[in-house]
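Residue numbers (UniProt numbering), protein chains in the order written: chain R, 1 to 384; chain D, 1 to 384; chain U, 1 to 384; chain B, 1 to 384.
Hints were generated in silico from the structure; no laboratory data involved. Zero decoy hints are in this set.
Note that identical chains are pooled: a pair holds if it fits in a single copy or bridges any two copies.
Derived pair list, reagent style BS3-like, types lysine-lysine, alpha-carbon separation capped at 27 Å: (1) LYS330 <-> LYS341; (2) LYS22 <-> LYS162; (3) LYS330 <-> LYS243; (4) LYS103 <-> LYS22; (5) LYS292 <-> LYS341; (6) LYS58 <-> LYS103; (7) LYS330 <-> LYS292; (8) LYS341 <-> LYS243; (9) LYS103 <-> LYS4; (10) LYS4 <-> LYS58; (11) LYS330 <-> LYS201; (12) LYS58 <-> LYS5; (13) LYS341 <-> LYS201; (14) LYS292 <-> LYS243.
There are 4 protein chains.
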Amino acid sequence: MLLKKEYETVRRRTEQICAPLKTEDYVVQPVVDVSPPKWHLGHTTWFFETFILIPNAKDYTVFDPQYNYVFNSYYESVGARVIRTNRGNLSRPAVEDIMRYRKHVDAAMIAFLETTALTAELQALFTLGLNHEEQHQELLYTDIKYILGHNPLFPAYDPSRKDISPVNNPSGSWLNMEAGIYDIGFTGEGFCFDNELGRHKVYLNDYAISNTLVTNTEYLDFIQAGGYQDFRYWHAEGWDWVKTNQAGSPMYWYNIEGQWMHYTWQGLQPLMPDAPVAHISYYEAAAYAAWKGCRLPTEFEWEAAAPLLSWGLRWEWTESAYLPYPGFAKAPGAIGEYNGKFMISQMVLRGGSEVTSPNHSRITYRNFFHPSLRWQFTGIRLAR
Amino acid sequence: MLLKKEYETVRRRTEQICAPLKTEDYVVQPVVDVSPPKWHLGHTTWFFETFILIPNAKDYTVFDPQYNYVFNSYYESVGARVIRTNRGNLSRPAVEDIMRYRKHVDAAMIAFLETTALTAELQALFTLGLNHEEQHQELLYTDIKYILGHNPLFPAYDPSRKDISPVNNPSGSWLNMEAGIYDIGFTGEGFCFDNELGRHKVYLNDYAISNTLVTNTEYLDFIQAGGYQDFRYWHAEGWDWVKTNQAGSPMYWYNIEGQWMHYTWQGLQPLMPDAPVAHISYYEAAAYAAWKGCRLPTEFEWEAAAPLLSWGLRWEWTESAYLPYPGFAKAPGAIGEYNGKFMISQMVLRGGSEVTSPNHSRITYRNFFHPSLRWQFTGIRLAR
Amino acid sequence: MLLKKEYETVRRRTEQICAPLKTEDYVVQPVVDVSPPKWHLGHTTWFFETFILIPNAKDYTVFDPQYNYVFNSYYESVGARVIRTNRGNLSRPAVEDIMRYRKHVDAAMIAFLETTALTAELQALFTLGLNHEEQHQELLYTDIKYILGHNPLFPAYDPSRKDISPVNNPSGSWLNMEAGIYDIGFTGEGFCFDNELGRHKVYLNDYAISNTLVTNTEYLDFIQAGGYQDFRYWHAEGWDWVKTNQAGSPMYWYNIEGQWMHYTWQGLQPLMPDAPVAHISYYEAAAYAAWKGCRLPTEFEWEAAAPLLSWGLRWEWTESAYLPYPGFAKAPGAIGEYNGKFMISQMVLRGGSEVTSPNHSRITYRNFFHPSLRWQFTGIRLAR
Amino acid sequence: MLLKKEYETVRRRTEQICAPLKTEDYVVQPVVDVSPPKWHLGHTTWFFETFILIPNAKDYTVFDPQYNYVFNSYYESVGARVIRTNRGNLSRPAVEDIMRYRKHVDAAMIAFLETTALTAELQALFTLGLNHEEQHQELLYTDIKYILGHNPLFPAYDPSRKDISPVNNPSGSWLNMEAGIYDIGFTGEGFCFDNELGRHKVYLNDYAISNTLVTNTEYLDFIQAGGYQDFRYWHAEGWDWVKTNQAGSPMYWYNIEGQWMHYTWQGLQPLMPDAPVAHISYYEAAAYAAWKGCRLPTEFEWEAAAPLLSWGLRWEWTESAYLPYPGFAKAPGAIGEYNGKFMISQMVLRGGSEVTSPNHSRITYRNFFHPSLRWQFTGIRLAR
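Bound conformation, chain R alone:
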């Protein structure tokens, strides 16, 4: 049965991501944007319990009524929640309790899927639950990297895992796109998030977009040319960010006795020169582009050119703020809180990354983060 198989595939993958961890690694929250891995394990489970099982599965027994308080993320409609900064203070529920919670909900979901013909609405909710869990799979990777990569012992996540291999096209070339009207937004069958809907026309002027991502070597040139010391390349807010954080390189880069190292899945390693630069803020992406005499593409320019580009290694900062498409409408109820309420003070990222779940992204996919954030695998594609 297809749904059941989809469900199990996604759910098992989440647990596999966590397999290399020690129990202690599941617990900590070094900064507010990072959640403890055990919280992700519980929260994704809570989603299925709260939105599918409790309202629809007769005889379902809630695993623990207090878990709603612990694992709700930001759904104001669904009761009180632990304030976000407190997640890393919670030693309980223990990892083994959460694993039992997953088993409990999984068994109930399987039974539910085996015995119930889903309505279209329920089917949509189910698919949303899987895509939601895939989003948390990516967050698990980035949060685990943060937790281990900010530990003074620099432990490897999985020494056998290879980091991303160098890209093939170290010297990028430019793709010229013609002015005209382009269609933007999701169309066709299959799942998409509400923020991709409202397919609409956009007029684009002539532009050129690079067919390759900026590499570590190219970014190092910017550092060595004094890019972090010259305010002219930076937004005012970015310049404040540089000074407040004494930023001088991407996150996870360390200059140790003159050699540039970076923290990777295998621990601290010499910088890989041809890999696409990662873990940079929007401010850094924009400053790099300004230094090169270029700019970042808008999300519309990106989407129009995407079929001609190789993408998926980095989430690519765009020069577009995260705002609703024409005709965007929130879903009714708690699910409606999913995307719309974040449409302010964030920038759009397009593409995907080495830790995005398989088949999760697409060319209409709109990721978004605050311009200062760097713990995602964020990178740079130039436009002009």
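Following the hints, position chains D, U and B against chain R.
Here is chains D, U and B on its own, set in the frame of chain R:
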């Protein structure tokens, strides 16, 4: 001589705005976004001294070399500056010293204009200086209102001054705009800011836009319907803002023993029911629109419809982030810091307000503020 | 062999305190004053490794050179340290690694004690190490209580453990002490901390001191009489603390549907009326005393009366700031950082508590905390 | 009539202190501990109006009922007050209004004194009001120095005013004091504050106390010996303070191109080598003493030796926390808030300073500040 007259008109108007103040009112800075009036008086003068007189006027004697340190606002190219939060700590230079500074620079400017044929570049700089001073004229009004309106004695600015009269069309009607390609951005003769340049085409879908601004009475309906207590109308960031600031009404509104009052140029007065609501954040504007089942217009929708609208009483929040137009380029040198470096984390406002200097705004004018700010005369126009 | 036995007794007790914990409980740091249990386990071990083994035990192999960075607490002399707020971000070293670290150091210490005749200086350092570990035993208890007692699931530490039994003398009587010169400070054989040294004379006026601690019931009277709402009983700093923290009861007290509960070693339980009140700040102790028309004793009054008192259930806030005795001198080297550098902005507590290690305290013992802290078992004894 | 003359002498002196100021100088509050001079002028007047005229003078007309809100400092008993950090935001009441307020209250006070025989209680309140105003006279000096001395133009307060002349005894000698019982606290006729009362015996051990204050030159030796870079001399809290504030010299010292300058009443001047060091925190005083192998005297040691010392140039930090004397009791009512509620987290200073009002201090006088504060004329006397 035209330039001389323009110069004197603008410069005198600045001083007239300050005429009702007591010396003490020139000094304070109650919040970081508000500058002391005496700082505005000095800073606008510093602009002419630094960018026109010092580089171009032979034999010009700098009034006081330390003033560059005190009156530079944010031009990183022009040396150290007093950090912004400190402006309100500076009792010196005294108001009378700054008035002498203005006279000194004015005399030199008049002499310069009388004796020098301006190059096109100098002419542009001169016009920029006047428009810059007009921007600070508006800030003088809004900062003075903040200073007096947050004083527990609620002193009037000028009892003889009438507040804005009620708008004529209390019940708004909708203007339907057709889908298609529209031209956006400044064109033609005359002055504009760099952020208006790069005239370009934009495709707009069908939309409707209100031909009137939301009034105090209409906004009061939102308050009384519990709008500030229902998270569903708010962005997540806006909801945090409501709770952190315990916001429950526009700035300057006070509910005194059951009656709504607001602080005006004449002091505390009963709320004017038909005046367009003012002093609201973007969050409030967007929440009000959501509550009405509408939305805010984009800046492009606004500009396309503007010739058909009555505007100029309020700066109207749009659903557009402040980002560069295609082809935007910074000017070289310090002047290039004027606009581009603020193109992040701000929302665009269009229109003008009751305190915008005469002929200062236009339909391509792009004002911008952080979504939380309310001390400007900001208002709401609905779209759908 | 006595030293070996002492060593093993203390070291085993530390591990027994942690025995009821789950691995996750060892990791978190909910507030800056609480350290993760695994940090205590490592830090106490680091003390013996750093101050005894490394300088004195030939052929000792450091377990892991990076542990100095992780487990140093505040000894500026001994290299860089993890800044204190970061302890709860560190998932590694894992608990099992730290347990291996303890075994490694224990084996080396036992071998060292078996083969080496300790000099007087080394003997002193050894005894200091044991007393240091006993201090951390108490912190383990109070930190574990904080970690579990601030978890929304309120897990029990050890359901079989009885909380402190009610005191015998619910209505306290007063002990009258005569004015005169008293000797203060440690004298005699055995161990004491450097802050107890400098035995000296103090003149005390006539005073009376209660022979019993204030009970929960008595403290509840203060709450119910509006004590937390009446500024007259509070220091200005205490009143700010009440308002900032919205304090209305001791830490761990919860009024649930009209019934007062408190978090205990067995989880959330009805308030024990006759137990001595615990987990209060100095501000609360002083406000309670003021409300009763009394005051807190000075540390000198306490010490002079102590032989006549029953003490040891609560650390008793005194009206004495933590300052050096006449003749106080820091020890040379890192050990000299132990006490003296904290002699500012803290108040002295005398006595001991239900979780103080056996035989660890004495009547000359000077404990000290900032007046706002409540996570220790702090209580009140009145004087007048 | 004596009372009337006393009143007028004190009141006129306050205004004379402000005479060299420009209107703007009366308004600003650069840090929370400094109040705008116009606030001092109003607050001292409010004291007489609130505590003497309103309750006692028939037919007295309150000058402005809103002034209670503006000029109350910290008397919780007397209604709402402007929160302290906001004082510098208030441009109104204007200086001229406050001067009229002073005249209004002065006229009423004179009339009251001329027509009323004061009860003992009223007499005490009257004297307290004068001493209160004298305390604010000193604060006026120190706050004015802060306001002008933190302005980038470094304006002089009064160029004709001589700074304190060098002390006569540059090389200090030691005064040996014998162990024994000493009487501490105020006795005799005349005014004292409540915190000096409760005369009581204290036992002091043998000690030595310097008969001279530490000079600028001596303190410079500490700086040049690296005192601010060596944690061993500092309390842990002091060391954090050094690092957070990047402290490297007393307040108002500037090293300009290799020469040490300090801000004085005449503006920026070369450091006066023989003047007693001023404007240091308790942390700095204690660190200097530690570096010299000495310590600070306790307030009791100071008071016992004071008749043999020359004092009055600097407030001398003591190694005593500000705590109640045995038998200390608060006065009933608002006046009782004067001293007792500050008896926590502050250190005692003894002596007086070059800006203490004439005859205001005495050897039993207990001044107190938080250990981090430096804007008072604080200095160092060594003990051992």
